[in-house]
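The whole structure should be built from the sequences, with the hints applied where relevant.
Residue numbers (full-length UniProt numbering): 1 to 1060.
Mixed in with the good hints, there may be bad ones.
Within a straight-line C-alpha distance of at most 30 Å, the following computed DSSO-like cross-link-like pairs (lysine-lysine) qualify [said to hold, decoys possible]:
no.	residue 1	residue 2
1	Lys119	Lys78
2	Lys810	Lys854
3	Lys510	Lys402
4	Lys603	Lys632
5	Lys868	Lys979
6	Lys1008	Lys945
7	Lys632	Lys802
8	Lys819	Lys614
Calculated from the structure, these hints are not laboratory results. As the structure is a computational prediction, the values presented were derived from the model and not from experiment.
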Amino acid sequence: MGIYSGSEVKTSQKTSLNNSTTKQGLKITPRLESLPHNKAMLGVPSLKRDSDKEYKQGLEKIIFPLRNALNADNSNQKFRIIIVAESYPQAIIQEILQGYRELGDEVHKFVKISKNAQKSRADSQGKTDTKGSSKSHSESHGETESESYSEGISEKSTLGKALGIGAAVAGVGAVVAGSLKGGYVGGIIGGAFAGGIMSATSNLTKTNTTSTTTSTSTSRTTSTSVSTNESTAISQSRTDTHTAGITIEELNKTAQYCEELIDTYIQRFQKGLNHGMWNTALYISASDSFTLDMLEHTLKSVYSGDESHFEALRFSQDFKDFAHHSIYTERLPMVYSSLLQHPIHNSFSGLSSALSTEELSILTAMPCNDIEGISVSHISSFGLTQAKTKEGIILGNVLNKKKPTHQDFVLGLESLNSHLFVSGITGGGKSNTIKHILTALQSEEIKNHFGKKIPFLVIEPAKSEYKGLIEHIPHLQIFRPGASDDIFRFNPFVFEHSRDKKGNAITLTKHVDMLKVSFSSAFPMYGPMPAILEEAISEVYRDRGWSFETEDNVSFTSAKDSDKERESLLFPNMIDLSKKIDSVVQQAGYAGELDSNLKAALKTRIRNLTLGVKGKIFNSRHAFHSEVLFEKPTIIELSHITNDEEKSFLMGLLLNKLYQYRESEGDSHNQLKHLTIIEEAHRLLPNISLDKSSEEANARGKAVETFTNILAEIRSFGEGIIIADQIASKLHRDVIKNTNVKILHRTMDKEDRELVGNAINLNEKQILDIAELKAGEAIVHNKDIHQAFMVKIKRFENYPNKADSTLSQKALKERMQSKITDFIHKFLESRIAQDYGYQYEFLLEQRFYLPYEKRERLNSIESFKARKAVLELLLSAFFTSELQKSFGDFTSLICEGKRKADSPPLTDEEKRLNVYLFLKGWQELRYISSITYYKNIDCYLSIYKEMLRLINHLNENEEEKIQDSIASMKEYLQHKKLKNVTQAMRHCKTHYEQNGKSDFFDCFWILKEYAAINEEIHGFIHTKYETREEQDYQYEVIWNKYFAHTQSDLLYYTLQLSKI
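Structure (structure tokens):
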């Protein structure tokens, strides 16, 4: 039984079947309780017809009918089947074979007898005459002495051995027919010898005699003889002969049948020399006679096959006293009779049968289907011998038919650079396998092999299964984009530009292409949307001073100690892209409904990435440097981002950044430098063929194809990828093909099983085994082995300290959160975070830093209100004398209640909140805050800093410094520092200077900002003038008409646009 996968073999104790206790005082298990009715089964089982197609003699064929019959009346019948088998030694088998051969020799003599009868007649005639006379005289005298000795041996064969041939042939392992039911064969052969065969016994005698004789003789003889003879013969002869004959062959069918049976037994025992023979006893027990009879008939119908006729299955009488005898399990229960001496072998004299291993396997066949208490799985064979690997990670133990072996499966370190695919349902063990690999990469053995511990990046879209690695890897980084306390920032427009790496530098064109791919792979795109998006992305880069001809920005500084604040202004953000859509669509010449649909579709997709926590991620001025993400063990959890498209977008951006970084580092000569794990990879790399045929599917399909090409190419740069997914059929086919190592955990879906199974050349039965894998078991295949292996993956302990097992889940969760919080604090204090200002959301924020959790009031203010408050404050600063009143209104958004002249001074926290409120509203402005309208980065940065100074001076109520800041801001709004200057403003400047005034500044964008925010003015302009050119022209007409008035009048007339 131990050969069956999943079974266990234990040494039986010397426990009585039916007694309550043994002599040693051991208690009996409930399975061996006393059952009063017992029988023994004898005979030879055999296979049924068509068993090669469907096996019909499994244990379920016994259990199911008995369950149905016995449970019909809801009774509590019990039954038991016990099979005991003792192996025959080779010498005993030879002895039994010799006995059968001798018996066969005797029987063969009676199989055929030939009889020949002949009749002959002859006639002859003749005549002879003879005449003669004779006279004789003789005298003799003699004396003789003699001594004789004789010895003889006589052997008479009366087939006395054959007297028991009926029992010998029919009762191999059976008792005398009188004590059993159905001694059928014994009766046949016994009858054969009773009639006919025994009558020939007297003629079968053989005698050998030896004789010795000694003799002495003395003789004297005197003789005289006179003879006269005369003869005359006349002869005439004629002979006639007549002969007749007949030959008859007599065949004894009974003897022939006996001989065939003997030959059959000889063949069985000859096979037994190779495969083994067993002295087998089968005993059935039941709680009542009805159940016992049901069990008897069921066994006979199941085990009787096509070859059972020569020794049919039969049962003994019910042994009523069987339950009162202690039968120990170590010889359970080979019962022999001392009164019966079988002529072949003594083992045939008991309640047992001699069975071959094949026949015994029928009796002990396990069920082919599940039955109560036994689960049935069909397990195929997998590889057992792995090629030697110098260095590698021990994944687990190689299984043979799900049985542990003494061989570990080693995953070669070189194979990690060839990409891995890990699949399986939830709970199958994917995360356990990957975590085991990741912790191994941080071991000293890996450090000795590669010269360093291998960093990794885990991109986890849905769950939070990997953060427990921080218990094993103290320096692990955990980012959770979208979480309220997280610091992850990823402005997709930022790339690591360098003029030093000529051949491997990250170019602007390639980065723009990959941005378009990331958008197309995540968001539905149809018609000209991808092309418009690409043009809009290119335009926002041009607005920041980038040139696609030179792939450079003249304002970019390559020095390592360059101003990171200034450098961040060289890159656009999502707001810039959203603003650019209108002009790009309009320039493309689309009109009517298509124009509106394109604008709405693109702007909606982009604007969604600027809202709430998503804006903190994608609309940030920061993008974590590649060294932060790819040179340390890092986990990025995306579970706080609920939208699947936005998750896919960030996953695509990360893969793009990874590829750019590895490419810039150059060829690694296939040496592993970094490992990336992409969980639920179908979000990023879907099987587009599953989607409907459309422009959207086509655009997305091209994007996915680009990512699959990246996976194929990135390995040459030392990057290993682990693709993990639950649903393989949702994953792009090329992704599975491009992975050289495949680890398959339990997969239930047929399509998924066939997909991954065919990828590693599994046969049909092995593919079915994928559904039978238990948690932690996997089928592993890589390029270094000739076939797949079944492996029990090592269990990963989330908490290596045994003392942690006593802690509650709540305590462990709190400790985990504490470690993540500690990491965030340490990260913000790190050198690279300080250099790039990752802890700050706005430019120059470190000057007025306020912890994020203390900005509740700021976060409660709507963006539109902040935008309007900032604009009104600037208008008051530039055009009216009511700046303090406007600042009071501005501050009242932060402070409780309206600010008055006698209000107490602002607290330090309120002062900082005022700065944050100004920056929040400043970011929402469309024109004056956009770097697009300034000559260069430095011009924009100058007015930005001056506006912050203005807020600080207003906070401190420093009137003189306030006026200085306003004058400086007007200076920064001179035409020479602006990129876009309208013709009307040029005329206004000329007219202004002709009137002897020197404090002119360009207020076009400020006035237009107010027109955009004032619903009444905005509605009037867009109702009266459809195109942007007409709107701008109307502004110029109005300003030209009223520019001769004072600046305050200019503001007044501008606000009255709706009445003109």
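Now the hints, each set against the structure:
no. : hint                : verdict
1   : Lys119 with Lys78   : violated, 76 Å
2   : Lys810 with Lys854  : holds, 27 Å
3   : Lys510 with Lys402  : violated, 50 Å
4   : Lys603 with Lys632  : violated, 36 Å
5   : Lys868 with Lys979  : holds, 25 Å
6   : Lys1008 with Lys945 : holds, 22 Å
7   : Lys632 with Lys802  : holds, 27 Å
8   : Lys819 with Lys614  : holds, 25 Å
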